[in-house]
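K.L.:
Here the protein sequences come in this chain order: V and G. What the first sequence shows, in full-length UniProt numbering, is residues 1 to 391, in sequence order. What the second sequence shows, in full-length UniProt numbering, is residues 1 to 391, in sequence order.
Treat the hints as calculated values from the structure; they're not laboratory data. Incorrect hints may have been included.
The list cannot tell twin chains apart, which means a pair is met if one copy fits it or any two copies do.
Restricting the straight-line Cα-Cα distance to at most 20 Å, the calculated cross-link-like pairs of lysine to any residue (SDA-like) are [to be verified]:
{"#": "1", "residue 1": "Lys86", "residue 2": "Cys232"}
{"#": "2", "residue 1": "Lys86", "residue 2": "Ile318"}
{"#": "3", "residue 1": "Lys12", "residue 2": "Leu147"}
{"#": "4", "residue 1": "Lys12", "residue 2": "Gly36"}
{"#": "5", "residue 1": "Lys86", "residue 2": "Ala360"}
All figures in this text were calculated on a predicted structure; none of them were measured in a lab.
2 protein chains.
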Amino acid sequence: MTAQHSRIVRMKAAMARQGIDVLICFKPENSFLLTGFNPIIYSHPVVAILPLDGEPALLLHALRDDHGRSESFVSDIRLYGAWSTKVTMGPTWMDGLRAILAEKTLDRARIGIEEDHMPVARYRVMTDLLPDATLTGASALIDRVRLVKDPDEIVDARLAAALADEGMRAAVDTLAERRSEREVATLSMAAMNRAWCAMPDIEAADFGTLEGGVQNGLWTWALYGDRMFRNCDNPTLRLPAEGEAASIFIWAVANGMHAEIERTVAIGPLPDANRRAIDTILEIRAAQAPLMRPGTALAELFHLTRRMLEAAGYAANIPGRIGHTIGLGAHEHTSLDGRTDVVLEEGMLFTLEPNLRVPAHGVATQISDTILITSAGHEYLTRYRGGYLEV
Amino acid sequence: MTAQHSRIVRMKAAMARQGIDVLICFKPENSFLLTGFNPIIYSHPVVAILPLDGEPALLLHALRDDHGRSESFVSDIRLYGAWSTKVTMGPTWMDGLRAILAEKTLDRARIGIEEDHMPVARYRVMTDLLPDATLTGASALIDRVRLVKDPDEIVDARLAAALADEGMRAAVDTLAERRSEREVATLSMAAMNRAWCAMPDIEAADFGTLEGGVQNGLWTWALYGDRMFRNCDNPTLRLPAEGEAASIFIWAVANGMHAEIERTVAIGPLPDANRRAIDTILEIRAAQAPLMRPGTALAELFHLTRRMLEAAGYAANIPGRIGHTIGLGAHEHTSLDGRTDVVLEEGMLFTLEPNLRVPAHGVATQISDTILITSAGHEYLTRYRGGYLEV
Numbered sequence: 001m002t003a004q005h006s007r008i009v010r011m012k013a014a015m016a017r018q019g020i021d022v023l024i025c026f027k028p029e030n031s032f033l034l035t036g037f038n039p040i041i042y043s044h045p046v047v048a049i050l051p052l053d054g055e056p057a058l059l060l061h062a063l064r065d066d067h068g069r070s071e072s073f074v075s076d077i078r079l080y081g082a083w084s085t086k087v088t089m090g091p092t093w094m095d096g097l098r099a100i101l102a103e104k105t106l107d108r109a110r111i112g113i114e115e116d117h118m119p120v121a122r123y124r125v126m127t128d129l130l131p132d133a134t135l136t137g138a139s140a141l142i143d144r145v146r147l148v149k150d151p152d153e154i155v156d157a158r159l160a161a162a163l164a165d166e167g168m169r170a171a172v173d174t175l176a177e178r179r180s181e182r183e184v185a186t187l188s189m190a191a192m193n194r195a196w197c198a199m200p201d202i203e204a205a206d207f208g209t210l211e212g213g214v215q216n217g218l219w220t221w222a223l224y225g226d227r228m229f230r231n232c233d234n235p236t237l238r239l240p241a242e243g244e245a246a247s248i249f250i251w252a253v254a255n256g257m258h259a260e261i262e263r264t265v266a267i268g269p270l271p272d273a274n275r276r277a278i279d280t281i282l283e284i285r286a287a288q289a290p291l292m293r294p295g296t297a298l299a300e301l302f303h304l305t306r307r308m309l310e311a312a313g314y315a316a317n318i319p320g321r322i323g324h325t326i327g328l329g330a331h332e333h334t335s336l337d338g339r340t341d342v343v344l345e346e347g348m349l350f351t352l353e354p355n356l357r358v359p360a361h362g363v364a365t366q367i368s369d370t371i372l373i374t375s376a377g378h379e380y381l382t383r384y385r386g387g388y389l390e391v
Numbered sequence: 001m002t003a004q005h006s007r008i009v010r011m012k013a014a015m016a017r018q019g020i021d022v023l024i025c026f027k028p029e030n031s032f033l034l035t036g037f038n039p040i041i042y043s044h045p046v047v048a049i050l051p052l053d054g055e056p057a058l059l060l061h062a063l064r065d066d067h068g069r070s071e072s073f074v075s076d077i078r079l080y081g082a083w084s085t086k087v088t089m090g091p092t093w094m095d096g097l098r099a100i101l102a103e104k105t106l107d108r109a110r111i112g113i114e115e116d117h118m119p120v121a122r123y124r125v126m127t128d129l130l131p132d133a134t135l136t137g138a139s140a141l142i143d144r145v146r147l148v149k150d151p152d153e154i155v156d157a158r159l160a161a162a163l164a165d166e167g168m169r170a171a172v173d174t175l176a177e178r179r180s181e182r183e184v185a186t187l188s189m190a191a192m193n194r195a196w197c198a199m200p201d202i203e204a205a206d207f208g209t210l211e212g213g214v215q216n217g218l219w220t221w222a223l224y225g226d227r228m229f230r231n232c233d234n235p236t237l238r239l240p241a242e243g244e245a246a247s248i249f250i251w252a253v254a255n256g257m258h259a260e261i262e263r264t265v266a267i268g269p270l271p272d273a274n275r276r277a278i279d280t281i282l283e284i285r286a287a288q289a290p291l292m293r294p295g296t297a298l299a300e301l302f303h304l305t306r307r308m309l310e311a312a313g314y315a316a317n318i319p320g321r322i323g324h325t326i327g328l329g330a331h332e333h334t335s336l337d338g339r340t341d342v343v344l345e346e347g348m349l350f351t352l353e354p355n356l357r358v359p360a361h362g363v364a365t366q367i368s369d370t371i372l373i374t375s376a377g378h379e380y381l382t383r384y385r386g387g388y389l390e391v
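One chain only, chain V, in its complex shape:
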């Protein structure tokens, strides 16, 4: 039963508009979107096949059969490869895919592929495998459908946000004890994992690559003082100093859906320049509230930020973007910048993170929340205290 997922209906509508007869997804986030299955280890391709007319099919290596059947909402599961006593369609995914498309008389069809993800070598395999088909790029189409989340995805995003909040609570409490970046990060991750143990049916795995696999995606990192200018780094044993700021970043995942929360925390009272930057950002965030509702052009959030930063004397420090969409990826495709043409709709999920970097004055902020657009306006999914924080 996939009819319940409006993302499948919306994907098919988009395919019809673009003249695509069947969509073939290898990208982990996208094959999960269409099937609900994350094998964690992707050494053997997981292929989601969505015909414009008909139900989706899932093509798996035989060793993923038991796992796939237990987790996918797709009932038409096909196997390739050799494993134990499993009967398969042939030794490779190519055998399986060719047979499935022939069976559905789609081997001469217009096939949507992920041109932003499919390696050029695999593309050549596909053109050799399906000489009478037309392969056409569908990455933008898929990204657009992913902008709006289904109710089941929103349930999971709320759980991810609850885990992230728990991680932030633990991180700020640990930072209050003046512990190192790495201790704050690892104790916060341990707190999220403890909270996960109280959520029976939730997976905390993320989406892997050909060479790896992400068993656990409950992550905290921390950058103190001038290390904030690195923007991202693995935590070190650096201790916080009085009068500097620390930024804590958290990503959490629940059944594939992500939440992000970030806070800049003062270690004792801050110099005026740093405090003023934080207060300015908090004012900008508050001013966005009436705009965050269906019908607002997403770029308006950016323009409001730019205008308020200019008015506060930060015209030289306008950020390139003030957030990004989020969902099956921690960083999904659309940026909250001045160029996006996206208009907010109910079910969209994004991070709101207008921030400042003024290296010459040692000033940086990193405050972010995960926000859902609702019919009535919006809802902060991450709820840890959002005001000025000092420990």
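We have chain V; now place chain G onto it with these hints.
P.N.:
Same frame as chain V, now just chain G:
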């Protein structure tokens, strides 16, 4: 100073043999191999450029400048994009790459690309950007060079193995308390993170994708009883039952290098069929010891496993492979199967994991270690107890 890294010398020798003038790497594991920089978040491409004649260059988005300079062993770092007051080569990586290749008079050269990783859309951008160049596949060449590890990589693999051992110790101790899969996994991960806090200069980040980023790659998972037949799954709240087996899987990472350790642990005495399977696997592992040295064809390890399984009555249960190479990927390219043409050399790193699945009898084993080939033979990098384990 990159002359110290024999991987750069070996890569250039392989490029010369294949007539490649310059190698351009976007794949995180490979750009790290050539530059030592992992930005963790790869939303903006990180491009490693290795000319056959000359030093490597690293092309980064300006926001990664401070981070990249602090961590890369490459001194020639170039920037694209806009960030703060940074001066860049242009708004996109394409601007930077075109200018660098023109400056090095390599814009009409034979350029090695990662055809197993580069998306078809990016390949089209590359052919438009460099109309007079010849793009040629170099994925197999790079994978082959990665088979042999440099001394600095082996130092890091040993640290990863020490973290993995600590995780296994904690997992087995926790399993002895009859706790759930998820508690065993999360407490083991917490133990690895505590051990990491005692290693000042080590990063525990893994390699990310366009939509994510892996802040922490110290992972444990556990499958109890018949859940072992899923081969991989996120841990659940299932408790162990007396007389069944549990498998614990651990991946750890230190500065990009991975180690793997896996153990099947008996929950009290096992039925004869399960015990006999474990004992057979332990005998096979012991019998491999004299083969694991420079000069052995890797396929011999597989053939010995096959012969011994047949002799023990498991002819219907021969696995497809009995391990894989490991390094910057937890699963690198080469499988320990009957078809590989790799001959063992000093510096090679692989997992040894002959295992059994006999679903009809509820029998499964999952025992793995990370093994380094040395001049004298081999060394187990993971050292947690390798015999029959019962708690």
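K.L.:
Now look at each hint and say whether the structure bears it out.
P.N.:
These are the hints, each one checked on the structure:
Proximity of Lys86 and Cys232 under a CA criterion of 20 Å is satisfied inter-copy only: 17 Å between copies versus 45 Å inside one chain copy. Only between protomers do Lys86 and Ile318 lie at most 20 Å apart by alpha-carbon distance; the minimum there is 14 Å, versus 58 Å within a single protomer. Taking identical chains as interchangeable, the C-alpha atoms of Lys12 and Leu147 lie at most 20 Å apart only when both belong to the same chain, with a minimum of 15 Å there against 44 Å between chains. Within a single copy, Lys12 and Gly36 get their C-alpha atoms as close as 17 Å, which meets the 20 Å cut-off; across copies the closest is 44 Å, which misses it.
In this assembly of identical chains, the alpha carbons of Lys86 and Ala360 lie at most 20 Å apart only when taken from different copies (12 Å versus 64 Å within one copy).
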